[in-house]
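Engineer: With chain A held as given, fit chain B onto it using these hints.
There are 2 protein chains.
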Amino acid sequence: MKEKRFIYFFNEGDSKNKKLLGGKGANLCEMTQIGLPVPPGFVITTEACKAYLGQKKKGLAAELVEQVRGAMEELEKRTGKGFGRREDCLLVSVRSGSAVSMPGMMDTILNLGLTDQTAAGLVDQTGDERFVYDLYRRLIQLFGTVCVGISHEKFNGIFEKAKKKFYAKADVDLDAGALREITKQFLQVYEQETGSPFPQDPYEQLELAVEAVLRSWMGKRAVDYRKQFGITADIADGTAVNVCTMVFGNRGAESATGVAFTRDPATGENRFFGEYLINAQGEDVVAGIRTPKPIKTLRREMPEVYCELENLRHTLEQHYREVQDLEFTVEQGKLHVLQTRDAKMNASAFIKTSIDMFNEGLISEREALLRVKPEMLAQVLHRQIDPQSTNAVLAQGLPASPGAASGKVVFDADRAESKGKLGEKVILVREETKPEDIHGFFAAQGILTSRGGKTSHAAVVARSMGKACVSGCEAIEIDHASREARVGGVAFKEGDVITIDGTTGNVYAGEVPMIEPEFVDDMLVLLEWADDISELRVRANADTPEQAARALKFGAVGIGLCRTERMFNQPDRLPIVREMILADTTQERQAALDRLLPFQRNDLKEIFHIMDGRPVAVRLLDPPIHEFLPSADEIQREINHLKELQRTVEGLADLPDTLLLLDPKLYAKYADTLESVAKNLEKVKGKNLAEQMIEAKETVLKKVRNLAETNPMLGHRGVRLGITYPEIYAMQIRAILEAAAEHITAGGDIVPEIMIPQVCTLAELQWVHRYVEQIHKEVEKQYGMTVRYKFGTMIEVVRACMRAGRIAGLAEFISFGTNDLTQATFSFSREDAENKFLPLYEDRGILQHNPFEVLDIKGVGRLMRITIEWARKTRPEMSVGICGEHGGHPDAIMFCHHIGMSYVSCSSPRVPIARLAAAHAKLNEQEYSI
Amino acid sequence: MKEKRFIYFFNEGDSKNKKLLGGKGANLCEMTQIGLPVPPGFVITTEACKAYLGQKKKGLAAELVEQVRGAMEELEKRTGKGFGRREDCLLVSVRSGSAVSMPGMMDTILNLGLTDQTAAGLVDQTGDERFVYDLYRRLIQLFGTVCVGISHEKFNGIFEKAKKKFYAKADVDLDAGALREITKQFLQVYEQETGSPFPQDPYEQLELAVEAVLRSWMGKRAVDYRKQFGITADIADGTAVNVCTMVFGNRGAESATGVAFTRDPATGENRFFGEYLINAQGEDVVAGIRTPKPIKTLRREMPEVYCELENLRHTLEQHYREVQDLEFTVEQGKLHVLQTRDAKMNASAFIKTSIDMFNEGLISEREALLRVKPEMLAQVLHRQIDPQSTNAVLAQGLPASPGAASGKVVFDADRAESKGKLGEKVILVREETKPEDIHGFFAAQGILTSRGGKTSHAAVVARSMGKACVSGCEAIEIDHASREARVGGVAFKEGDVITIDGTTGNVYAGEVPMIEPEFVDDMLVLLEWADDISELRVRANADTPEQAARALKFGAVGIGLCRTERMFNQPDRLPIVREMILADTTQERQAALDRLLPFQRNDLKEIFHIMDGRPVAVRLLDPPIHEFLPSADEIQREINHLKELQRTVEGLADLPDTLLLLDPKLYAKYADTLESVAKNLEKVKGKNLAEQMIEAKETVLKKVRNLAETNPMLGHRGVRLGITYPEIYAMQIRAILEAAAEHITAGGDIVPEIMIPQVCTLAELQWVHRYVEQIHKEVEKQYGMTVRYKFGTMIEVVRACMRAGRIAGLAEFISFGTNDLTQATFSFSREDAENKFLPLYEDRGILQHNPFEVLDIKGVGRLMRITIEWARKTRPEMSVGICGEHGGHPDAIMFCHHIGMSYVSCSSPRVPIARLAAAHAKLNEQEYSI
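Just so you know, the sequences run in chain order A and B.
Take the first sequence: its position 664, counted from the start at 1, is 663 in this note's numbering, and no numbers get skipped.
Take the second sequence: its position 765, counted from the start at 1, is 764 in this note's numbering, and no numbers get skipped.
Hints are not guaranteed to be accurate.
One copy or two, either will do: identical chains are not told apart, so a pair holds if it fits within one copy or between any two.
Claimed, not checked - Simulated crosslink set (SDA-like; lysine to any residue; CA at most 25 angstroms straight-line): (1) Lys420 - Asp583; (2) Lys857 - Ala762; (3) Lys226 - Ile722; (4) Lys418 - Gly360; (5) Lys857 - Lys872.
Source of the hints: derived by calculation from the structure; they are not laboratory data.
All figures in this text were calculated on a predicted structure; none of them were measured in a lab.
Excised from the complex, chain A in its bound form (with noise of 0.2 angstroms):
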């Protein structure tokens, strides 16, 4: 069997194949191949990542042993240098990168084949003490750290004391002596830790390494983070391990090191955008422990090191057609370029970046489109402080991460998780974040550090989450013994609440107010096209005039569910409502009716009046009515304190004779006042109050009792009311056609849609048809001119999606209620299997998704498909929406528009997500399958 190739040098990967090589290598290989300043280095293959994990050995294979021993000797040959040779000894850096992109998840170590030996020979060639042990206790924590699993603070704890001991302020301060002492100590520790010596045989040193970055694929945190974001095997299986010739930005004042942006990662602006650090190496930066200088100052420091950085700026982008997010090392001025890949940014960036690259001509009006995600909408969309609030501003740090924030302060991400699990809004309050503190980032709104710049572990993290960051902000001091934060004076405890604004920096003191979102031109050109391209229309939920406003704005084509409901919550209808549902009689509930239709009718006419000339689904009574009335257990209660206070009455009635017996000087002291409170006491005992009340309150008692379902989910709702009760739907009924022929007769354009919600079956339509047409009759004949209108159904029910074919005979069209029928089809119910059940489901992989987020496609997916076709069968042109909380979702509705729907219907605020999605739909037709 001829062996498995497992290595490839940077000028011969095939650039394509990110799944092979990891995208850091691959994008190591295109760099190297278009002739980019790129030290030399080969890639380990993922394949030798899932042949490591696959073996049941420890250590490497001894094949892949072979081939990286072939290729560090190829490697020496190409940089002339020898590796664990005293002179001219080559080190070199060991990387990982898997074909997604996962920021800081695995590990990295530099200035591998250091040792005690080599590190002389280096001291010899650069006579540059200082350098050299710089290097080497960077490489002895790295590795200490990384492959052995001592803890940081080991080593930082003999890093700060000998930063006091030398009065050093920054790293940088250290001369060579201290850190030849603090080597000397870190070695020290290795050997305690280990119990053996720091590896002294450079390959040694490589091998561990290499395993241990192959080892970090299955570690906790990457593990959570493909969990997190749903990285499958077939994305990205595996990781790659770079190795690569070191090159030193710690070489003196003509050495730097630093991260760059081709646009700026924040705001999408076509300006050069980054960081940089004098005499630093590796992730000095990007660990935030010196804040690092804006890019536009190397112009000045190294202007043709920046021009060069200028020229690699636009190589990148014409090549990768996209902003890149680069690592770059200055080594006594010689540029080399050391990573790039596609700038993660945030989604006003993205669509800044896109409207720019169209114009510029960099990209295709497609591929403007389909780079924005739909869901990164959702932060443009975010919250910012109000401009008018006049609250204080605490601190200032960088705005790392646009949108306000407001929580409860925390310290640990710990914290943060346990919190925001119990539904707490909590901001993450820490010097710096690192890559271990990733769950707490998913329970924080926001993140606060004080240490680290605008390319920092929090910053970066925080914008590819679309969070508020606010970072570096350097007046804030954590006492993390007491759990308490000071600031500027002010001390926060564990709990206090803090704003922080990522789009200014600004910190705030408790809670400040904030003003929903506006949109930005770019977002509405985006938009604009998106329109143009996607066949699905979006339509928004909307139940009151106000979120019929809210629905326009957001560029909803219409209504695609108004819960009639909705208006029969608010506190001047909810009494009426309840004596309409308490009513003994038909002529009672009749009476409570006739005051709610009014209200119903004028809400409707203010929403057809908005929604002028565009479609609006108005769905009739669902919930069942017991949803209206107090709880039994709440009654009860009131009951029960009533009843408490009649015994008291009662006693007090008693009172004089007790008083009597037991001391009757007392008594007759105050005999008249207690005799004369007795008599009034018994004077109203027959017209008691409380009794009365008590009466009342047991009545709708008994009646809440009555109304009381074991299954209120399978139960008494939705048209089986509207049989049961009518008139009820008539009422409803009326106010949709009186609305509308008021409406028309301002002027306007209505065709309002009557839904029926809960429908299992034809004669259910059919039923509540003869309402509707009885009715249509008289309010044409009441005002003397034409109303149209349609008639349709919710499916939430399977019965429907069976009957669909007879359904459609009467149905002018349907809107899936995808909440309703995720439970139906799952036989769950949503509070119940959340609660119980479901998150053990999702942790096991049971289920991939809770379908109550993400629509079951596979599942309810294939009813809503079958049912589609059934119903079409019957009237092709049948009009087919959806309804439920699904409707904004992206992975729904590239569902909804490959079964063929009409439209979705979603809440206000993600029709823009919900128009972008759709166009990607239509755009990745060809490419979607289930």
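Structural biologist: Here is chain B on its own, set in the frame of chain A:
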């Protein structure tokens, strides 16, 4: 336009066209055309009925009247008599008759054409005044009640008074004078009640009578009957009217009228069976007014007529190839046959005649099977009085419809219905029953009458319904005023319990022990034929060894559903089950499960032993575990009670002090005792038992509240429990496999089927399958043997239907749980729906049936059909069953056969029904369509 023909004479009607002529009319035509002695007459078609019911005005249409007059003129010609003529007057009967026999449902009028004038003429002609006034008073009563709605009581009161006045025991004891006087009084009643005299124009009589018959099609009891028995318009649409020349059984001692069956309808024996009355007319026999004589005495009384009747009997059976139920009249020695129809018989008679007629070569095996309706077998399986019982027989009547029944005495049908609706078992006790009592039959367990024979209304209807009936039990006197009955000196009030035995005619006081029915040999033969023909197998649902034994007895080929939780509910296990549920740790839970294991294993071992070699599907725990705990309300009540006790105890402790205050003397007297009680109470306070119990109960209450669900039907149950508490399913799987191993060790043979409930996704099945594989390995090792099993799932969640193709990759069998599947498909919670809106839905025809009783073929069935299609695409030989309640219902079985199911599983007593239904399904498969 050519006039529509509404009338056919008996000698010209197409006897195959029952829809047009009605059953009775078609048979009259048939008999006339094969030469049997039917008096001349004609049929007014069901189309006339439809035309009448469709018209808006009252009265018959001119077109129909004209055709009737023409037909009467023709009849006058054929009989040589004159309608309304004083000499040789023509009298006719008018009887209804629709396509489906609806016994006693429609109205009959005899002697039509009698007026004061024709009566006088007939007296002259016959010289028999008694005969003529007997006819006339009958006509007036029938006409008065049927055509103009006078109550029977009005006429009966007069008649009974006259009987007393003339010392007549029976009708026949009344002489001409008495009958003339009765006739006169009847004419007066008629005029008093209607305001106009009895019609003296025979055509007016005829037209009103025809109209009354046509109208009666939409009468309440006819509509109810059709609804009850599912007789829709495509089966019978309107009634025909038969107008037939009168012949008279009441022309003296040479005349008689009778009813006969070509075989004994109670036993099926091939012997002529019937009853007759000498000198009687029309309904006298079936109405049970006089107790008639058995047919065999006719052989002695009228040997020639008897011989003719015997010939008639054979001719009819040979011709119709079915047992016939015929009416005949002998007028002065001449035999006339007035009607024949397929006999209504009880199930054992149907079974016996099927076997006999096949053996006689009269019918084929296919016909023999098809003429026994599966539901009929339910009758054979009725309970019988335990022969060992020593209860004294209180009275004896005629064994009119076999089977025994106990229940509370009720004296009218309305009461029977209202009590029956409350779930009470009642016996309807009447002098005689009438068609208007039909709703009482539906509600009653059995019927007891004091008058009437085995062909009385009560007997015929009870037999057709398979209800126990004792008729003609003359020892019973009913006093309606006091709502009491006396039987041989014993008084029964309404509500007292009696038992009747329709097999022997015995009546008992109180409830008598009964035994399960044994199969008759004929049924076994029939079911063997059925099994040979059918493709669908029949299993039983059985949860215990006793039930398994029963399943075998009823001929089940295996167990389709063995519910393991039923084994949990027994009193020796429930406390352990509760411990298991209330356990705080997995260890505690495991300990309880370890104690449950032997119970479960032993039960299963016994079941496997009984079912040796046959398939047994064992379903793992299905219901939510809170079902095994007392309800929160119950616990709260107990806690409240304990607290009450506690307060009382505390009050006692204060007693001495209180008494001292109130009555120092009394205190002094009891001081020592009281103080001692108080001290003791004080002592126990610390370790108050009540307090401890309250604490324990409050812990349980908290658990119960935690386990409570908003929609338990859609909650934490079935495989969801199996995944959240794997130790429960592990115990059950172990119990199954160990029981199998032990059964095989003991020389038996079993391949248990492990069935997982509530599955909604393949991953759940995979999860449980891993346990099964693991435990299977352990059990095989432990017992040192091979243990085979099958692994499969219930299909009761809609999503499982959608994913059937995938599920079939792992599941070796599937079984539809149509109870839950129906709930999920309709989004109906059974208990809520049946209490709230289902009755209304059925009333209004929105649903034709309660889908929990009758499988909803259009919705649930469609889902089942596509599920099977998808599943068999993956696993073509997949075994598919049904184990919901629907599995035992013939219509559902027909459908299950149609969609290619492998077996149905039902409760044991329904197994024979299902076996026959499965054969029917096969035999009728060509004609079947949904």
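Engineer: Indicate, hint by hint, whether the structure satisfies it.
Structural biologist: The hints, checked one at a time:
1. Lys420 - Asp583: Between copies, since 23 angstroms is at most 25 angstroms while 45 angstroms is not.
2. Lys857 - Ala762: between (30 angstroms within a copy, 13 angstroms between copies)
3. Lys226 - Ile722: Intra 47 angstroms, inter 21 angstroms, cutoff 25 angstroms: inter-copy only.
4. Lys418 - Gly360: neither (48 angstroms within a copy, 85 angstroms between copies)
5. Lys857 - Lys872: Both ways: Lys857 and Lys872 sit 22 angstroms apart in one copy and 17 angstroms across, limit 25 angstroms.
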